[in-house]
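Student: Can you make the complete structure from the sequences, with help from the hints?
Listed here are the chains, written in short residue letters.
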Amino acid sequence: MPSALLLRFLAIIGSFGEDGPSQMALEDLALFRSVHGSTVFYPSDAVSMERAVEIAAVTKGICFIRSSRPATAVIFDNDEKFEAGKAKVVFRHDDAKATVIGVGITLHEAIEAHDLLAKEGIHINVIDPFTLKPIDKDTIIQAAKASGGKIITVEDHYPQGGLGEAVSSAVAGETGISVKIMAVTELPRSGPPRYSLICLVSVQRRSWKQ
Amino acid sequence: MAATFKLDAGQRQALEDVANKLRVDSIESTQASGSGHPTTCMSAAEIMSVLFFHTMKYKVDVPKDPANDRFIMSKGHAAPILYAAWAEAGLFPVQNLLNLRKIDSDLEGHPTPRLSFVDVATGSLGQGLSVAAGMAYTGKYLDKADYRTYCLLGDGESAEGSVWEAMAFASYYKLDNLVAIFDVNRLGQSQPTALQHDMDTYRLRCEAFGFNTYIVDGHSIDDLAKALHAATTVKDKPTCILAKTFKGRGAEGIEDKEGWHGKALGAKAEAALAEIKGRIKNQGAHGITINAPSGAVPVHDLSAVKLPSPPAYKKGDKIATRVAYGTALTKLGENTSVVAVDAETKNSTHAEKFMKAHPDRFIECFIAEQNMAGVAMGCACRDRAVVFASAFACFLSRAFDQIRMGAISQTNVNFCGSHCGVSIGEDGPSQMALEDLALFRSVHGSTVFYPSDAVSMERAVEIAAVTKGICFIRSSRPATAVIFDNDEKFEAGKAKVVFRHDDAKATVIGVGITLHEAIEAHDLLAKEGIHINVIDPFTLKPIDKDTIIQAAKASGGKIITVEDHYPQGGLGEAVSSAVAGETGISVKIMAVTELPRSGPPKVLIDMFGISAKKIVEAVKAL
Numbered sequence: 002m003p004s005a006l007l008l009r010f011l012a013i014i015g016s017f018g019e020d021g022p023s024q025m026a027l028e029d030l031a032l033f034r035s036v037h038g039s040t041v042f043y044p045s046d047a048v049s050m051e052r053a054v055e056i057a058a059v060t061k062g063i064c065f066i067r068s069s070r071p072a073t074a075v076i077f078d079n080d081e082k083f084e085a086g087k088a089k090v091v092f093r094h095d096d097a098k099a100t101v102i103g104v105g106i107t108l109h110e111a112i113e114a115h116d117l118l119a120k121e122g123i124h125i126n127v128i129d130p131f132t133l134k135p136i137d138k139d140t141i142i143q144a145a146k147a148s149g150g151k152i153i154t155v156e157d158h159y160p161q162g163g164l165g166e167a168v169s170s171a172v173a174g175e176t177g178i179s180v181k182i183m184a185v186t187e188l189p190r191s192g193p194p195r196y197s198l199i200c201l202v203s204v205q206r207r208s209w210k211q
Numbered sequence: 010m011a012a013t014f015k016l017d018a019g020q021r022q023a024l025e026d027v028a029n030k031l032r033v034d035s036i037e038s039t040q041a042s043g044s045g046h047p048t049t050c051m052s053a054a055e056i057m058s059v060l061f062f063h064t065m066k067y068k069v070d071v072p073k074d075p076a077n078d079r080f081i082m083s084k085g086h087a088a089p090i091l092y093a094a095w096a097e098a099g100l101f102p103v104q105n106l107l108n109l110r111k112i113d114s115d116l117e118g119h120p121t122p123r124l125s126f127v128d129v130a131t132g133s134l135g136q137g138l139s140v141a142a143g144m145a146y147t148g149k150y151l152d153k154a155d156y157r158t159y160c161l162l163g164d165g166e167s168a169e170g171s172v173w174e175a176m177a178f179a180s181y182y183k184l185d186n187l188v189a190i191f192d193v194n195r196l197g198q199s200q201p202t203a204l205q206h207d208m209d210t211y212r213l214r215c216e217a218f219g220f221n222t223y224i225v226d227g228h229s230i231d232d233l234a235k236a237l238h239a240a241t242t243v244k245d246k247p248t249c250i251l252a253k254t255f256k257g258r259g260a261e262g263i264e265d266k267e268g269w270h271g272k273a274l275g276a277k278a279e280a281a282l283a284e285i286k287g288r289i290k291n292q293g294a295h296g297i298t299i300n301a302p303s304g305a306v307p308v309h310d311l312s313a314v315k316l317p318s319p320p321a322y323k324k325g326d327k328i329a330t331r332v333a334y335g336t337a338l339t340k341l342g343e344n345t346s347v348v349a350v351d352a353e354t355k356n357s358t359h360a361e362k363f364m365k366a367h368p369d370r371f372i373e374c375f376i377a378e379q380n381m382a383g384v385a386m387g388c389a390c391r392d393r394a395v396v397f398a399s400a401f402a403c404f405l406s407r408a409f410d411q412i413r414m415g416a417i418s419q420t421n422v423n424f425c426g427s428h429c430g431v432s433i434g435e436d437g438p439s440q441m442a443l444e445d446l447a448l449f450r451s452v453h454g455s456t457v458f459y460p461s462d463a464v465s466m467e468r469a470v471e472i473a474a475v476t477k478g479i480c481f482i483r484s485s486r487p488a489t490a491v492i493f494d495n496d497e498k499f500e501a502g503k504a505k506v507v508f509r510h511d512d513a514k515a516t517v518i519g520v521g522i523t524l525h526e527a528i529e530a531h532d533l534l535a536k537e538g539i540h541i542n543v544i545d546p547f548t549l550k551p552i553d554k555d556t557i558i559q560a561a562k563a564s565g566g567k568i569i570t571v572e573d574h575y576p577q578g579g580l581g582e583a584v585s586s587a588v589a590g591e592t593g594i595s596v597k598i599m600a601v602t603e604l605p606r607s608g609p610p611k612v613l614i615d616m617f618g619i620s621a622k623k624i625v626e627a628v629k630a631l
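These protein sequence lines are chains A and B, in that order. Numbering-wise, the first sequence is residues 2 to 211 according to this note's numbering. Numbering-wise, the second sequence is residues 10 to 631 according to this note's numbering.
For the record, the hints were derived by calculation from the structure and aren't laboratory data. Only a predicted model underlies this, so the values are computations on that prediction, with no experimental measurement involved. Hints may be right or wrong, so weigh each one.
In silico DSS-like cross-links for lysine-lysine, where the CA-CA straight-line distance does not exceed 27 Å [unchecked claim]:
no., chain 1, residue 1, chain 2, residue 2
1, A, K181, B, K597
2, A, K146, B, K554
3, A, K146, A, K82
4, A, K138, B, K562
5, B, K246, B, K315
6, B, K554, A, K181
7, B, K246, B, K66
8, A, K138, B, K597
9, B, K235, A, K138
10, A, K181, B, K503
Tutor: What follows is the structure, given as structure tokens:
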């Protein structure tokens, strides 16, 4: 077996955050992205998780798959095709104000934010990268250029070394694209999930006003 | 009540009643939260009762008095009974226990130092004994005080190798003021433990690791009190108490049954509580006096720690930053609050210099980095010491979980990782740290220093000593030129602009070795009439966003970053994310992209794309 399969459980945006920070992985994406030759999967639903496992099994080098504790909606068709380094565009609008990239739990938050904003007539593109490494630079840049050059990344992880930095470095060669990184910045604590969705929507509202 | 191995009937009953009260508290609090580990607490009830209400000497109202006996709940998921012990001892009202795991309560699912009686966060298993060993070492050799340190571990937890690293350390250093208690309750999370109740095998292992070992009935107040007292009479050996217990003890149908780990008793709680409460003879106040410690232990003023003399180098001289680390640490060490630890690399990291000057405050931790990290944290607890822990940077990665937990523990330990990058040369990739910047940047609240010369290295050590949170200093193996004046001022988050030109074609940011490559590239390009700005960030975290953006805007919006590190999570990504909010700035990241190999440093630096020559090519290609 050329790849090592490792599971991590997240607890901050989910129904069982009560175990507290000692049980929360908030640095693991940085760790596994930094491993030479690794592939880092962060599938957002059950369908893409099964395909991640299948792809990891035949991918050379260390593979890391990040899994979540809380139940989340199945969003892909059973016959959807997946590939490392190929993102899925979940929502695309010609008048998108920004492109929001979420992973795992936060992809679902982004979908919900999309729907809330749509009620107010505001549209966003939503992308699920499927793998953070390799990351689908082309799809991201294309979507960003088509939405005023604005990207927002959201991750259940600290700001360093994860989705935000993967995207920032992927678009670093371009000018005209800005990235706002949303991540866990404070030391978390025990407790039930709150605020994440509300924060995401309010940040997006604020950025329209700029 | 004097600490004696013979309890009278009254004492015994009182301690049994407290044990059952702790059981009741653990069940009621986890019922209220709907989650937690009551059965884990129920096996430890007699242990906690005897420790907190008989054996330990401490001031209840000053939990972190330096003279107090110390306790570490290494099996952190037993948090409810730890909280219950302090509540029943009188630190806070017992009814507050019902706020367990609530968003607005400090009584979290696993203990954190948001609580006044918690020294280090636990919950990631196998780490508490190292911290306890550091505390015990401090007590025996540094404070030379009477306080004792007690650590409660789980049996499942003892599968962690780091526990045995701590045991080896404790017996080597003859820590007879340290007691490790194993709550051998047979059942793990998803199944029984490997050894279940094979107490003899546990005993043989603990004795092999040099511990004075007792097997006791973990639910016998007498046995526990006797063993804990006996431990105080043993010289030169730490003690291990192997307590045979039953998970879920006290509740019929739950005790010693699988399937109860990590869940509230739910529908079974009412019957369990009735059963346990029925055993409590005195339902009122326990009436036990908790013994205070006899002596006083001095407090240290860590803010006074600073370099007693400035760096004393000649510009242009070649000094490896690891050498300067040793010099700085030794000078800093003239303040007796400074302690240094190393993992058998002290002649490479140059911590050896400190050892020679201040042998009493240097602790050799041998090739056991996880334990070293824990010991460092133990020495730093209660603001007792400024601690520097050093090893090859790549070997610190095996202590990453201890470091991660250190952040949750709000520790101020400073780590110095030497021999970073391909520039170490012939030893090859197993000895090269190429991921360490990603690791340490991701640690919550950390500061990441990567000084480029001897002068800035000395200042990095000085600043780290008084900076809260975990600090990481990356040091290099090869000798590099001194480029700063001895009186140059440094600050975390403040970059140095090494070269600035109005007609700069790009801004090149290098760190450590690659700053020198950038300087060389600057000089080579200048010969051809091409100018670049060159920046030394000094710290990658916090990073001087403003200076970088300003310099970039003044050089056509073009940044090139160069690092002796893989591309993820290091300088390139720190800079990319720092400028991410701007449009009009592009960043080219130069880093080690291939798996490196043995070779001469200069050859490797060029082969792996981060040399002056490669920087020149990149600038020309813009």
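Student: Does each hint hold? Answer for all of them.
Tutor: Each hint tested on the structure:
1. Between the alpha carbons of K181(A) and K597(B) the distance comes to roughly 19 Å, so the proposed pair stays at or under 27 Å and holds.
2. Of the supplied pair hints, the one linking K146(A) and K554(B) holds, its CA atoms being roughly 25 Å apart against a limit of 27 Å.
3. Using a Cα cut-off of 27 Å, the hinted pair K146(A) and K82(A) holds, with the two alpha carbons roughly 25 Å apart.
4. Distance restraint check for K138(A) and K562(B): the Cα-Cα separation of roughly 25 Å lies within the 27 Å cut-off, and the hinted pair is therefore satisfied.
5. The suggested pairing of K246(B) with K315(B) is violated, with an alpha-carbon distance near 36 Å, which exceeds 27 Å.
6. The straight-line distance between the Cα atoms of K554(B) and K181(A) is roughly 15 Å, inside the 27 Å bound, and the hint therefore holds.
7. A threshold of 27 Å between alpha carbons decides the hint, and for K246(B) with K66(B) the separation of about 21 Å falls inside it, so the pair holds.
8. A hinted pair counts as satisfied when its Cα atoms are at most 27 Å apart, and K138(A) with K597(B) qualifies at roughly 15 Å.
9. At most 27 Å may separate the alpha-carbon atoms for a hinted pair to count; K235(B) and K138(A) exceed this at roughly 67 Å.
10. For the proposed pair K181(A) and K503(B), the alpha carbon gap of about 23 Å is at most 27 Å, so the pair holds.
Going down the numbered hints, you'll see the structure goes against 5, 9, while the others check out.
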